[in-house]
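Listed here are the chains, written in short residue letters.
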Amino acid sequence: MATLTREQARAQMTAPGTTRRKSFWKLTNPYLYLLPAMAVMAVMTYYPMAYGIWMSFTDYGLKNLRVNSAAPDFVGLQNYIAILTNNVPQIANFDFFYTLFFNLFWTFSNVIFHVVIGVLIAVLLNAKGLWFKGVYRAIFVLPIVIPTLVVANVWRNMFDPDFGAINQFLASMGGLIGISPATFHIRWIESLNPPIPGIPLPLAYFALLITNIWLGWPFMTIVATGALQSISKDFYEAASIDGASPTQQFFSITLPLLRPAMVPAIIYGITLTFNLFNLIYFVSGGGPLRETEILVTTAFRLVNEQSLYGVAAAFAMYIAIILLIITLVTNRISRATESYDV
Amino acid sequence: MTTRSESVATGKFAASEREPLSTRLVEFLGKAPIHFVLILISVIWLVPTVGLLVTSVRERQDILTSGWWMAFVQGRFTLANYLRVMQPTGGSDTIGLNFINSLIITIPSTFLPVFFGAMAAYAFAWLKFRWRDTIFLVIIALLIVPLQMTFVPVLQLYNDPLAPLRALFALVGLQLNLPKIQLTSSFVGLWLAHTAYGLPFAIFLLRSFFVGLPRDLFEAAKMDGSSEFGIFVRIVLPLSVPALASITIFQFLWVWNDLLVALIYAQSPSLQPLTVGLNNMLSTYGPEWDIVSAGAFLTMIVPLIVFFSLQRYFVTGLLAGSVKA
Numbered sequence: 001m002a003t004l005t006r007e008q009a010r011a012q013m014t015a016p017g018t019t020r021r022k023s024f025w026k027l028t029n030p031y032l033y034l035l036p037a038m039a040v041m042a043v044m045t046y047y048p049m050a051y052g053i054w055m056s057f058t059d060y061g062l063k064n065l066r067v068n069s070a071a072p073d074f075v076g077l078q079n080y081i082a083i084l085t086n087n088v089p090q091i092a093n094f095d096f097f098y099t100l101f102f103n104l105f106w107t108f109s110n111v112i113f114h115v116v117i118g119v120l121i122a123v124l125l126n127a128k129g130l131w132f133k134g135v136y137r138a139i140f141v142l143p144i145v146i147p148t149l150v151v152a153n154v155w156r157n158m159f160d161p162d163f164g165a166i167n168q169f170l171a172s173m174g175g176l177i178g179i180s181p182a183t184f185h186i187r188w189i190e191s192l193n194p195p196i197p198g199i200p201l202p203l204a205y206f207a208l209l210i211t212n213i214w215l216g217w218p219f220m221t222i223v224a225t226g227a228l229q230s231i232s233k234d235f236y237e238a239a240s241i242d243g244a245s246p247t248q249q250f251f252s253i254t255l256p257l258l259r260p261a262m263v264p265a266i267i268y269g270i271t272l273t274f275n276l277f278n279l280i281y282f283v284s285g286g287g288p289l290r291e292t293e294i295l296v297t298t299a300f301r302l303v304n305e306q307s308l309y310g311v312a313a314a315f316a317m318y319i320a321i322i323l324l325i326i327t328l329v330t331n332r333i334s335r336a337t338e339s340y341d342v
Numbered sequence: 343m344t345t346r347s348e349s350v351a352t353g354k355f356a357a358s359e360r361e362p363l364s365t366r367l368v369e370f371l372g373k374a375p376i377h378f379v380l381i382l383i384s385v386i387w388l389v390p391t392v393g394l395l396v397t398s399v400r401e402r403q404d405i406l407t408s409g410w411w412m413a414f415v416q417g418r419f420t421l422a423n424y425l426r427v428m429q430p431t432g433g434s435d436t437i438g439l440n441f442i443n444s445l446i447i448t449i450p451s452t453f454l455p456v457f458f459g460a461m462a463a464y465a466f467a468w469l470k471f472r473w474r475d476t477i478f479l480v481i482i483a484l485l486i487v488p489l490q491m492t493f494v495p496v497l498q499l500y501n502d503p504l505a506p507l508r509a510l511f512a513l514v515g516l517q518l519n520l521p522k523i524q525l526t527s528s529f530v531g532l533w534l535a536h537t538a539y540g541l542p543f544a545i546f547l548l549r550s551f552f553v554g555l556p557r558d559l560f561e562a563a564k565m566d567g568s569s570e571f572g573i574f575v576r577i578v579l580p581l582s583v584p585a586l587a588s589i590t591i592f593q594f595l596w597v598w599n600d601l602l603v604a605l606i607y608a609q610s611p612s613l614q615p616l617t618v619g620l621n622n623m624l625s626t627y628g629p630e631w632d633i634v635s636a637g638a639f640l641t642m643i644v645p646l647i648v649f650f651s652l653q654r655y656f657v658t659g660l661l662a663g664s665v666k667a
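Heads up: the protein sequence lines correspond to chains V and Y, in order.
Numbered by the working numbering, the letters in the first sequence go through residues 1 to 342 in order.
Numbered by the working numbering, the letters in the second sequence go through residues 343 to 667 in order.
None of these hints come from the bench; they were simulated from the model.
One or more of the hints may lead you astray.
As the list claims (entries may be wrong) - Per the computed footprint, the stretches of chain V lying under chain Y, defined by three or more beta-carbons under 8 Å from a beta-carbon of chain Y, are:
{"#": "1", "segment": "98-107"}
{"#": "2", "segment": "150-159"}
{"#": "3", "segment": "192-203"}
{"#": "4", "segment": "270-281"}
To be verified - Pair by pair, the computed Cβ-Cβ distance ranges are:
{"#": "5", "chain 1": "V", "residue 1": "R187", "chain 2": "Y", "residue 2": "F457", "range": "44 to 52 Å"}
{"#": "6", "chain 1": "Y", "residue 1": "L652", "chain 2": "V", "residue 2": "F105", "range": "52 to 60 Å"}
{"#": "7", "chain 1": "Y", "residue 1": "F419", "chain 2": "V", "residue 2": "L104", "range": "44 to 52 Å"}
{"#": "8", "chain 1": "V", "residue 1": "F169", "chain 2": "Y", "residue 2": "G554", "range": "53 to 61 Å"}
{"#": "9", "chain 1": "V", "residue 1": "L176", "chain 2": "Y", "residue 2": "G554", "range": "25 to 33 Å"}
Stated by the list, open to error - Sample of chain Y residues lacking proximity to chain V, with all beta carbon distances greater than 10 Å (derived):
{"#": "10", "residue": "E369"}
{"#": "11", "residue": "P390"}
{"#": "12", "residue": "G459"}
{"#": "13", "residue": "V494"}
{"#": "14", "residue": "T617"}
{"#": "15", "residue": "A638"}
For every residue, glycine included, the Cβ atom is placed at its ideal position computed from N, Cα and C.
The whole structure should be built from the sequences, with the hints applied where relevant.
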C-alpha cells in the first residue's frame, strides 16, 4: 500500500467511478448555493403566490381562515369580473378604472419630478470645487432613512388646516403683503373641490405629490451623482474647445451619458411609487371619497377591513399583471431609444 | 456657465497642488448662487425633521399654543415627553420593550438575507449551471410582485406550520404527536418573512457587483486548488465588502422601518417592534404631539445613527446596482 506510485494514484483518481462522482458534485454544487435562498422563498413567496392564484378563483373569506374549516367554493372568474364591473359593494365608491388611472397618473407625475429635480441637483452638486458636498448630500438623503410612518405623520400634521406648519407659514407670508390669514385656512386633505378647474384631482393629490417629491428625488440624485462622476472630463473639454455652450454640453453630453444609469433607477422608482402604500395610507388615507386611493391601498382594505380574501387575491393578480406590463413597456422604450447613446 | 469657468480655473491652477485659501475663497464666493440654492433646499429638507426634534423637547402647553419655531424664542426645553413615553403604560407594551423587539427582529432579518443572497448571487454571477438565467429571471420578477399577495396564505401557514407534515405522516400511516406551534407568536415568523422579502433585491444587487470582479482572481485561486466555496468565502466576500455593507444597510433600514409586515405577522403584543408601538401610540394619543413626537424620534434614532456612520457605503451600494462597471 505504501508503495502506491504516482501513476497508480493518478489512475485511481481518473477511474470511471470517481469521475462520475466528481461530475455529479460539479453539477449539484451551484444548486447548493441557491438552496438556502430558494428554500425560504419557496415557502414564503412562491407557495403563497400559487396559493393566491388558486384563492382568486374561490370565495375565500374569513370563514375559511379557521383551523379545520371547510374548503372555499370555486367561483371561476367571478372575482375578476366583479372587480372590473365595480361590483364590490363592501367598499363604498369602489371604481377600479378610476383607481387604476389615478395610480398610473400618480406614478408618472411623481417619477418625472423625481428625475428632473434629482438630475438638476446632482449637476449642481457636481460643480467642481464645491464646498460642503458631503454635508448637502447627507441632508438630502435624510428622507430615505426616516421611517415612512414618521414622515407621513409629520406631513399630515403639517397639512393640518388649523395648526399645520404649511398654513401658518402661508398666512404669515400673506400677512406681509396684507392678505387676510383666513384665506390660508386651506383644507389640504379633506377639500373636495379640485383646485385647478377642469382637472378632476383633489387638493389631497397635490399634498401627496409635495410629500412624495420631498421623499423621492434624493434617490435619483444619488444615482445621477455617481454617473456624473464617471463621465470623463475630456468630453467637456473637447466640447468647449469646439465652442459648445454649457447648455449644449448638458444636453448632448451629460444627459445621454446619464441615461444608462438612470433607466434602471427610473424603473425601480416607478415600481416603488406605484406601490407606495405607507405614504398614501397615512397621509390622506385614500380620501377624500377614495379619490387618492391607489391599487395597493385598495387591496389592503379588501384584506384587512373586509376580509374578502378571494377578491383581494384577484385584485393582487391585476396589480402584478399591470406592473409587469409597465416594466416591460418601460424596458422596451428605454431599449428603443438606446441608439441615442453616444 | 460653471463648466466653462471651471475648466479655465483648473487650467490656471493646475500647477499648484492646493490653491491658497484666498483663491479658494474667491471660488467659493463665485459659487454663491449654487450654495444659495443648495442651502435653501437643505433648509426645506431639514424642516420636518428638526421640527419633530424640537417639538419632542417642548412643553405640552407650548406645543398647543405656538409653532415649534417659537421654541427658540421661548427657550423652554424639557425631556419630560421622553420620560413619559418610556414609562410603562400597563401591560408589557412599552417603548423600551418595542425597542428591544426591533433589535431582535432586525438583526437576524438583516444578516440572513444578506448571506443567503450573497451565496445565490455568487452562483448566478460565476457558476455555470442549467436554467441559470431562467431561475435568475424568476427571482428578479419578485421585485415587482406586491408583498400583500402573500399575506393570507403565509398567515394560514403560520397558524399551523406543521400541518403539511402531519398530513404526510397520516398518509403513510404514522401516528406522531407533532406539537402545535404558532409562528405568529414567535420572532421566527418575522425573520423568515423579512428574509424572503429582502432576498430578491439582495441577489439582484450583489450579482451585479460580483459580475464586475476580475476573472483572473478566480482562475488563480482555482490553480491553487481552492474549492468553489473556498473562493466564495476567501475571495468574493472580502472583495465585496462595499456592496455587502450597502445591502446590509438597506435591509436594516427596510426592516427597522417596516410597519406592514410586523402588523400582520407579529400579532402578539410582546413581539411588536417600535413602528407598531408608534402606530399604536398614534391611534391612542392622536393629536398629542408631545408624546407622539418623542416616540417618533426614538423610532428614528437607530436608523439615523446607522445611516450617518455608514453613509459612504450607502451611496456606493445604490450605485453598484445601477451604474455598471
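Hint check results:
1. Check result for the segment 98-107 of chain V against chain Y: violated, 0 residues qualifying (beta carbon to beta carbon below 8 Å, three or more required).
2. Note: the segment 150-159 of chain V has 7 residues with beta-carbon separation from chain Y under 8 Å; the three-residue rule is met and the coverage holds.
3. Figure legend: the segment 192-203 of chain V, annotated as covered by chain Y; annotation inconsistent (0 residues with Cβ-Cβ distances under 8 Å, at least 3 required).
4. With 4 residues carrying a beta carbon less than 8 Å from a beta carbon of chain Y, the segment 270-281 of chain V meets the three-residue requirement, and the given coverage holds.
5. At about 50 Å, the CB distance of R187/V to F457/Y agrees with the hint of 44 to 52 Å.
6. At roughly 37 Å, the beta carbons of L652/Y and F105/V sit outside the given window of 52 to 60 Å.
7. Between F419/Y and L104/V the C-beta distance comes to about 47 Å, which sits within the given range of 44 to 52 Å.
8. Distance hint check: the CB atoms of F169/V and G554/Y are about 47 Å apart, inconsistent with the given range 53 to 61 Å.
9. Checked against the hint of 25 to 33 Å, the pair L176/V and G554/Y fails, with Cβ atoms roughly 56 Å apart.
10. In this structure E369/Y is not separated from chain V by more than 10 Å, as the shortest Cβ-Cβ distance comes to only about 5 Å.
11. Annotated as non-interface, P390/Y brings its C-beta within 10 Å of a C-beta of chain V; the closest such distance is 5 Å.
12. The beta carbon of G459/Y is not kept farther than 10 Å from every beta carbon of chain V, the shortest such distance being approximately 6 Å.
13. Its closest Cβ contact with chain V, about 5 Å, brings V494/Y to no more than 10 Å, contrary to its assignment away from the interface.
14. The claim that T617/Y is not at the interface with chain V is violated, since a C-beta of that chain comes within 10 Å of its own (minimum 6 Å).
15. With a closest Cβ-Cβ approach of about 5 Å to chain V, A638/Y is found to fall inside the 10 Å limit, against its non-interface label.
In terms of the numbered hints stated before, the structure departs from hints 1, 3, 6, 8, 9, 10, 11, 12, 13, 14 and 15, listed from lowest to highest.
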